[in-house]
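Each protein sequence line maps, in turn, to chains A and B. Number 82 in this note's numbering belongs to position 82 of the first sequence; there are no gaps in the numbering. Number 480 in this note's numbering belongs to position 480 of the second sequence; there are no gaps in the numbering.
Misleading hints may appear alongside valid ones.
[To be verified] Just a few of them, taken from the derived set where beta-carbon distance is under 7 Å, the chain A residues facing chain B: (1) 298; (2) 299; (3) 314; (4) 342; (5) 344; (6) 381.
Calculated directly from the structure, the hints in this document are not laboratory data. In this text, a Cβ means the ideal position worked out from N, Cα and C, and glycines have one as well.
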Amino acid sequence: MHRENHRGFGFDWITIILFLLLVGFGWLNIMSASHVGEIGSYFDMSQLYGKQLVFLGLTFVLIILILSVEAKFYERFASIIYIIAMLSLVGLFIFGKDVNGARSWYGIGSMTLQPSEFAKFATALAVAKYMSDLQTNMNTIKDQLRAVGIIIVPAALILLQNDAGSTLVYASFFFVFYREGLQQIYLAIALSTIILAVLALKFGIVVTGIIAAVVIFGIYFFRRKKRASIIQSVVILLICISFSAGVKLFYNHVLKPHQQNRISLWLRLEKDPTKLEQMKKEEAYNLIQSEQAISSGGWTGKGFLQGTRTTGKFVPEQETDYIFSTVGEEWGFLGSSLVVVLFMALIIRVLYLAESQKSQFSRVYGYGVASIFFVHFTINTGMVMGLIPTVGIPLPFFSYGGSGLWGFTILLFIFIKLDSNKINEW
Amino acid sequence: MRKLLLLLTVIIVGLLFIARLFYLQVYNKEAYSLFEDSAISTVYDYPKRGYVFDRNGKLLVANQPSYDVMVIPREVEPLDTLEFCALLKITKDDFKRKYTRARNYSPRIPSVFLPQLSKKDYAVLQEKMRKFDGFYIQKRSLRDYQTTIGANVLGDIGEVNQRIIKKQPYYKMGDLIGKQGVELSYEAILRGVKGIKFIQKDRFNKDIGPYKEGKFDTLPQPGKDITITIDSELQQYGELLMTNKRGGIVAIDPSNGEILALVSGPNYNPNMLVGRNRSKNFSKLYRDSIAKPLFDRGLQAQYPPGSPFKVINALIGLQEGVITPGDKVTCRMGYYYGSRRLTGCHHHKSPVAMNDGIAQSCNAYFVTAYRKIIDKYNDAGSAMNTWANHAKSFGLGNYLGYDLPVGQKGRIPDGDYYDRAYGDNRWGSTYIVSNAIGQGEVEATPIQLANMAAAIGNRGYYFTPHIIKAIEGDTIPSKYTTPNHTTIDKRHFGPVIQGMFDVYNKGTAATLRIPGIDICGKTGTAENFVKIDSVKTQLTDHSIFVAFAPKDNPKIAIAVFVENGYWGSRFAGRMASLMIEKYIKGEITRTDMEHWILTHSLENEYAKPYSGEPFKINGETTLQVVDKVKPPENNDLNNSIPIQSNQQ
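The task is simple: from the sequences and hints, build the whole structure.
Quick look at the structure:
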């Protein structure tokens with residue numbers, strides 16, 4: 001074991017290879033999506049792919065730094081890292097720079113830095129640190145609230161900066177909590193919440209209420225043992241109905257018109273064809289273009305740098321949030337399925353490694369890493385393919401941007417470092 | 001279970017995504033085509049359309065540039081409308097209206113702002129055009145007819161319709177295609193092949209350069225020039241003679257099947273179908289359901305051929321061995337079957353042998369000959385089949401196979417035809433004697449009759465009539481250079497041709513003789529009927545004439561058909577003789593005959609069935625006399641341009 005450790009430095013090379021494949025393929029697609037005119041030099045700094053190549057180079061410096069730090073460092077300094085990250089988020093309100101209506105960037109010269117990308121690994125570290133504390137018991141409300149508190153802080157700060165998409169990512173920690181002993185009832189509540197919200201929006205409160213009543217009383221009557229009082233069922237039903245009403249109110253009065261439209265398009269709520277057309281024009285332009293680009297790829301795609309829609313810049317923001325449409329157009333079904341498979345493999349590999357950790361800190365952190373990747377991947381690709389409403393978050397390793405690339409790299413490589421250290425845990 | 005939640009979710013989501021990708025990219029996808037990719041625009045480079053020359057090398061059809069002012073509303077910058085309107089010679093209201101229409105159509109896509117500028121306006125505008133952003137001039141190519149004749153032969157070009165685009169994907173919206181005449185039948189040769197450029201667009205529909213460095217682009221191939229067999233002077237003369245009459249003249253060179261003239265009356269000036277007024281003029285021509293100027297009477301009008309068809313019966317009789325040239329038939333002003341007169345005849349000497357039978361056009365002679373042919377066989381059905389077979393070998397009763405896009409089959413009835421009409425074996429030769437004299441069920445088009453004359457003049461063969469004489473850098477199809485043989489032996493033609501020659505010497509066309517030319521001809525007078533308010537009404541007979549000349553090695557075979565012209569030599573005979581003289585001599589010596597034709601009109605005759613009043617026909621009418629028709633002034637149209645500027 002010891003010898004093996006030396007040969008590969010104990011790092012999980014499968015994860016590293018998956019990472020390299022994703023980053024490399026991602027960069028090729030950024031080149032395709034962002035190039036303007038002929039491609040001269042790869043290091044052409046006037047082009048986005050040239051910049052991204054520099055970011056990539058710096059990433060490897062970052063990786064070496066992360067891997068050379070003592071593994072224990074991350075556990076010990078988790079709280080401090082978290083606090084620094086939160087302060088950097090707070091600092092945005094004072095020093096931040098507005099880009100596209102979101103106050104999420106620090107401007108350093110011509111460079112910009114997005115602290116929310118770094119807040120993810122910091123939060124993951126903090127959650128791991130808190131959960132691995134021997135005194136933490138996820139079955140108590142108090143500790144549950146504290147754990148939630150850790151993720152609420154960055155989520156709230158980011159929401160206040162008008163970056164609703166990135167806020168959603170923090171919901172991924174639900175998987176972590178659940179893995180670490182959150183009661184089953186929460187899973188039931190989470191699922192019911194989603195189902196109720198969708199039903200309420202799609203079919204209205206009355207239908208939702210009837211469905212809820214049928215289900216709740218159905219459970220009541222068929223559950224012979226441990227039958228709770230009928231009053232409890234009635235209360236639950238009332239909660240469900242008022243929640244549905246709340247969702248309706250929230251949708252109608254709190255959400256901004258563009259958010260309403262996105263959801264409306266997703267659930268096909270609008271029946272009036274002229275309004276629907278209008279809505280599509282305003283809100284679904286990206287989506288329609290992106291779906292068309294993907295569709296036009298066919299089995300094998302049009303080939304690298306050959307996508308006509310990519311070259312014509314038909315999909316706005318194609319090098320960032322909509323990068324997957326480039327994969328779809330130029331690499332076709334085979335290429336885009338490969339990307340899906342690579343992401344699945346990466347997430348499952350991290351999950352597998354997390355389960356094999358002996359230290360609870362490493363395991364919780366690994367779970368956090370897998371969950372964050374999963375949520376990012378699901379929301380981004382789902383959105384680009386038109387499966388879920390438009391939410392602006394990047395696709396890890398693919399979307400253009402230094403902060404994102406570095407944030408995800410740090411997130412992943414801290415775990416690789418922790419994993420390499422499991423032999424020394426005892 | 002706790003360990004599995006995320007794992008299962010990941011797997012389910014992954015599979016769901018792959019399924020979605022499969023749906024989008026494989027299942028729900030139509031075959032990818034560059035032409036349908038909205039990110040790629042296709043720009044066409046139209047080649048020069050081939051010219052059309054007549055047989056003597058005279059240019060008939062060339063091209064002329066036409067200039068449209070186009071507008072892309074989104075790119076229009078504030079401009080000096082006053083100056084712009086003055087340049088285009090439009091009012092400010094026009095400007096507003098046209099601009100609004102273009103913008104409503106699409107702010108991004110070019111619209112025609114003002115179609116077909118005159119050359120002078122174009123020259124002035126061109127220099128100032130750069131001052132008006134968003135406007136530009138699009139050059140198109142239109143046909144430029146160097147002549148006013150032969151519209152039915154030359155045809156015209158017009159925009160393709162959806163049906164054509166569907167059938168032939170080569171054509172795109174707005175492309176021009178041959179619609180009639182040689183423009184239609186030689187479309188593929190005249191049009192050439194257009195070049196295609198693929199241009200990469202961005203999402204604002206802006207050009208950002210050639211797609212893949214022009215890898216898929218093609219160069220245009222210019223259309224080939226063609227020479228047609230028409231002799232434009234003869235054609236023009238024929239059209240002059242046909243003025244104020246309806247009918248057709250078809251002249252063929254028997255030695256090779258070339259169509260020398262193809263006249264249809266009434267005609268129209270081909271320049272009517274060029275330019276801004278094309279659609280207006282076309283519907284005017286199209287909707288004229290009485291004179292039918294778009295109906296090519298030389299090719300499409302199917303008439304009973306009348307007496308010229310007797311010649312065929314004489315040939316069949318000789319070939320079948322049922323008559324000899326010397327057999328005489330007594331004519332008692334008609335043919336009698338028992339005491340019943342089956343057909344009448346006019347006054348002439350009697351009895352007649354074949355020579356006089358043809359020259360005097362004796363009905364009794366030919367009914368006798370025809371009945372002998374039919375009665376040679378035991379069964380009338382097979383007799384008729386044999387007879388029809390002979391007649392069809394002259395190109396009658398079916399499409400001739402010439403290279404113009406319209407036509408009619410004509411009709412030669414056979415045994416089956418009468419079996420269907422009367423019932424099997426319930427008819428005999430006496431039922432169908434009208435065929436003997438080219439009436440009854442027999443029908444033919446003027447071009448079929450001209451071709452028949454050519455086959456007789458050639459003593460037993462003909463070349464499929466055709467309009468193409470030469471194609472630039474190519475040969476004409478071999479079916480126009482191989483002779484078709486009739487079923488009649490060459491030796492039988494001598495006496496028949498002599499009979500046709502005597503039509504001019506002593507027969508029905510004796511007054512039409514042209515000094516110095518041995519013409520063989522045959523007059524025809526065909527009864528015809530129309531329905532007026534569902535009452536079958538007889539009209540004045542059609543005047544028919546079929547001829548070839550000279551008698552030996554004929555140079556021209558001609559059929560003339562004049563609707564309601566009464567007897568054969570009255571209109572058709574005169575016109576045929578004049579045409580022959582014009583073609584062979586190049587000048588007219590029988591100016592008396594020419595003068596008569598040009599001063600007599602049949603317009604009154606044609607108006608009768610539509611007058612709603614009872615009217616008289618044939619001999620009971622008087623002919624309408626008009627001022628002498630003048631040949632059209634040789635057109636040097638204002639819009640015709642030097643040819644050189646057209647050839648790129």
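For each hint, the structure was consulted:
1. 298: 6 Å, holds
2. 299: 6 Å, holds
3. 314: Check passed: Cβ of residue 314 of chain A comes within 4 Å of chain B, closer than 7 Å.
4. 342: 10 Å, violated
5. 344: With Cβ-Cβ at 4 Å, under 7 Å, it holds.
6. 381: Cβ of residue 381 of chain A sits 6 Å from chain B, so the hint holds.
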